[in-house]
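S.K.: Start from chain A and add chain B according to the hints.
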Amino acid sequence: MKIVVCIKQVPDTKGGVKFNPDGTLDRAAMLAIMNPDDKAGLEAALRLKDQYGAEVTVLTMGLPKATDVLREAIAMGADKGILVTDRVLGGADTWATSTTIAGAIRNLEYDLIITGRQAIDGDTAQVGPQIAEHLQIPVISYAQDIKVDGNTVTVQRQYDDRYHVLEVQMPCLITALSELNEPRYMTPGGIFDACRSEITTWGRADLKDVDDSNLGLAGSPTKIAKASDKVRKGAGEKVVPDSPEDAVAYIVGKFKEKHVI
Amino acid sequence: MNLEEYKGVYVYAQQVDNEISGIAYELLGKAKELAAPLNTDVTAVLIGSDVKGLADSLAEYGADKVIVVDDPELKDYRTEPYAHALASVINKYKPEIMLVGATAIGRDLGPTVSARVATGLTADCTVLEIGDFPLVAVPGKEDEQKHNQLLMTRPAFGGNTIATIACPNNRPQMATVRPGVMQKIEPIKGAKANVEEYNPGFTPDKRYVTIKEVVKAVSDTVDIMDAKILVSGGRGVGTPENFKILEDLAAVLGGTVSCSRAVVDSGWKPKDLQVGQTGKTVRPNVYFAIGISGAIQHVAGMEESDIIVAINKDEDAPIFDVADYGIVGDLNKIVPALTESLKAELAAK
Numbered sequence: 001m002k003i004v005v006c007i008k009q010v011p012d013t014k015g016g017v018k019f020n021p022d023g024t025l026d027r028a029a030m031l032a033i034m035n036p037d038d039k040a041g042l043e044a045a046l047r048l049k050d051q052y053g054a055e056v057t058v059l060t061m062g063l064p065k066a067t068d069v070l071r072e073a074i075a076m077g078a079d080k081g082i083l084v085t086d087r088v089l090g091g092a093d094t095w096a097t098s099t100t101i102a103g104a105i106r107n108l109e110y111d112l113i114i115t116g117r118q119a120i121d122g123d124t125a126q127v128g129p130q131i132a133e134h135l136q137i138p139v140i141s142y143a144q145d146i147k148v149d150g151n152t153v154t155v156q157r158q159y160d161d162r163y164h165v166l167e168v169q170m171p172c173l174i175t176a177l178s179e180l181n182e183p184r185y186m187t188p189g190g191i192f193d194a195c196r197s198e199i200t201t202w203g204r205a206d207l208k209d210v211d212d213s214n215l216g217l218a219g220s221p222t223k224i225a226k227a228s229d230k231v232r233k234g235a236g237e238k239v240v241p242d243s244p245e246d247a248v249a250y251i252v253g254k255f256k257e258k259h260v261i
Numbered sequence: 262m263n264l265e266e267y268k269g270v271y272v273y274a275q276q277v278d279n280e281i282s283g284i285a286y287e288l289l290g291k292a293k294e295l296a297a298p299l300n301t302d303v304t305a306v307l308i309g310s311d312v313k314g315l316a317d318s319l320a321e322y323g324a325d326k327v328i329v330v331d332d333p334e335l336k337d338y339r340t341e342p343y344a345h346a347l348a349s350v351i352n353k354y355k356p357e358i359m360l361v362g363a364t365a366i367g368r369d370l371g372p373t374v375s376a377r378v379a380t381g382l383t384a385d386c387t388v389l390e391i392g393d394f395p396l397v398a399v400p401g402k403e404d405e406q407k408h409n410q411l412l413m414t415r416p417a418f419g420g421n422t423i424a425t426i427a428c429p430n431n432r433p434q435m436a437t438v439r440p441g442v443m444q445k446i447e448p449i450k451g452a453k454a455n456v457e458e459y460n461p462g463f464t465p466d467k468r469y470v471t472i473k474e475v476v477k478a479v480s481d482t483v484d485i486m487d488a489k490i491l492v493s494g495g496r497g498v499g500t501p502e503n504f505k506i507l508e509d510l511a512a513v514l515g516g517t518v519s520c521s522r523a524v525v526d527s528g529w530k531p532k533d534l535q536v537g538q539t540g541k542t543v544r545p546n547v548y549f550a551i552g553i554s555g556a557i558q559h560v561a562g563m564e565e566s567d568i569i570v571a572i573n574k575d576e577d578a579p580i581f582d583v584a585d586y587g588i589v590g591d592l593n594k595i596v597p598a599l600t601e602s603l604k605a606e607l608a609a610k
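From first to last, the protein sequence lines stand for chains A and B. Going by my numbering, the first residue of the first sequence is number 1, and it counts up by one from there. Going by my numbering, the first residue of the second sequence is number 262, and it counts up by one from there.
Next up, chain A with everything else stripped away, as it sits in the complex (with noise of 0.2 Å):
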């Protein structure tokens, strides 16, 4: 079985977000670590490799410095590690950033693609559906269980109120939700693997059936208009009471005086 998965790397947001003085993101203060919704997805590969075997191909679209998440998928088992980069491909929102990776993963064989279901920088969700419509094969999202037989993929669609257990033949696209696992830690012997292994690296010439039209900035349909920080509404009072009959006599007295009670 060939898996592919792809991958983002992303600003952590766990631990408090960074500000810059003027209010701005400060993205260069916060690690850049593996999108959990991917690295579950990763998981789920590398599992269904321990049972099946499998080859595992980690693909991301990036700046050349994401070969670090693709070395990190590598020390925790990944076989191959591909990173799609290219100054065309900047600014892309998820039309052109899906068309990229889909021309990126023509190249390759597979039976089975995983994505995170979503980035936590961009939280579209999207990216991954749209990859499966790209390359016409069936995609399954919120995948909150895994299981294969032969070549029938048997999943757990989660949903607001239930799940269904879908069945679908290979090749397929499921996006995965960081609830589905535990992933795993880099080894020893996988960190070893990751820093001699070759990262292949392909750029605009090296994706397949693609229009320049549908890539980068200029590809992109969604345009920014506007973008800023988000301003809060500022915090309230904060009191800090000498007793727990303080700390109700506060809640109730300000409940009656905005007609709470």
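Keep in mind the hints are simulated off the structure, nothing from the lab. For each residue, glycine too, the CB sits at the ideal point set by N, CA and C. A hint or two may mislead.
Derived coverage of chain B by chain A (criterion: at least 3 residues anywhere in the stretch with Cβ under 8 Å from a Cβ of chain A; other residues may be distant) [unchecked claim]:
{"hint": "1", "region": "331 to 341"}
{"hint": "2", "region": "353 to 367"}
{"hint": "3", "region": "371 to 379"}
{"hint": "4", "region": "426 to 436"}
{"hint": "5", "region": "503 to 512"}
{"hint": "6", "region": "570 to 584"}
{"hint": "7", "region": "591 to 603"}
M.R.: Relative to the frame of chain A, chain B by itself:
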């Protein structure tokens, strides 16, 4: 693509088990507002099996017209054939704007359909308005500024930044909208829909997955998005059993218990009670954040609440940055005492 051909504001009227989802009515409310400056009307697209009878309720909430795609293949939601149904409607009727709920269904259907009809899609919008793109004309290029564009504002980066997006050169302009953000209109009783049936034909192929089983979570609780008072607990509550003190407080106020993602991840509470980026967006009259540190992903789901009361022993917890009333202290002592005090206050009335 001749942009002039595309007219009207369309809403995907999501139904589950042949019951219209609240998001559909919310989108209709917004669609009506958007249609006014465009001098156009509002169309709901209803897709399912045996769903025609639901059309009038869409009219009551503001749909001028309802396009019904009714086919036995469409019984339960599957990416395919639903994407085929919606993409076919878009190709035939050419809407100017297509709104979809940012639900577990809409966030699958929306991207698939937008890629199929080759247009942009803006996810999880919180504000939609009609305006110019660019917002300010470039000097000397005033005639290149486009008017009557859909401007879609959305949070990104876990709610830390907001961006306003336009889709100036492709149609339809597509957006998904989070449930609980837009307002429904007061229903127009007895309104009748102008129904048009359309069936593009469905031929199952390899992209039609098989549903082997539908497993519904057993839930007798109120949807937290409808609650006026939410008593929300985080990891600081300590144990699943200790949620009892939150339930007691909720009971006194006629409220409902909800929780943070940490609580769901620990298996203490089911997913449908989760508030936040990957859970539900709520805006009750009163939101208690009890033992919740206030990660930005959580705050993104509750910051529009009218009154936020936070109780946390950690004085530096970020939840205090959004709380109207922040109390630093031990929730195990304060919450039960608050319940008793409120009980007495309410009994005295």
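S.K.: Please go over all the hints and tell whether each is borne out by the structure.
M.R.: Evaluation of the provided hints:
no.	hint	verdict
1	331 to 341	holds (count 5)
2	353 to 367	holds (count 3)
3	371 to 379	holds (count 7)
4	426 to 436	holds (count 6)
5	503 to 512	violated (count 0)
6	570 to 584	holds (count 8)
7	591 to 603	holds (count 7)
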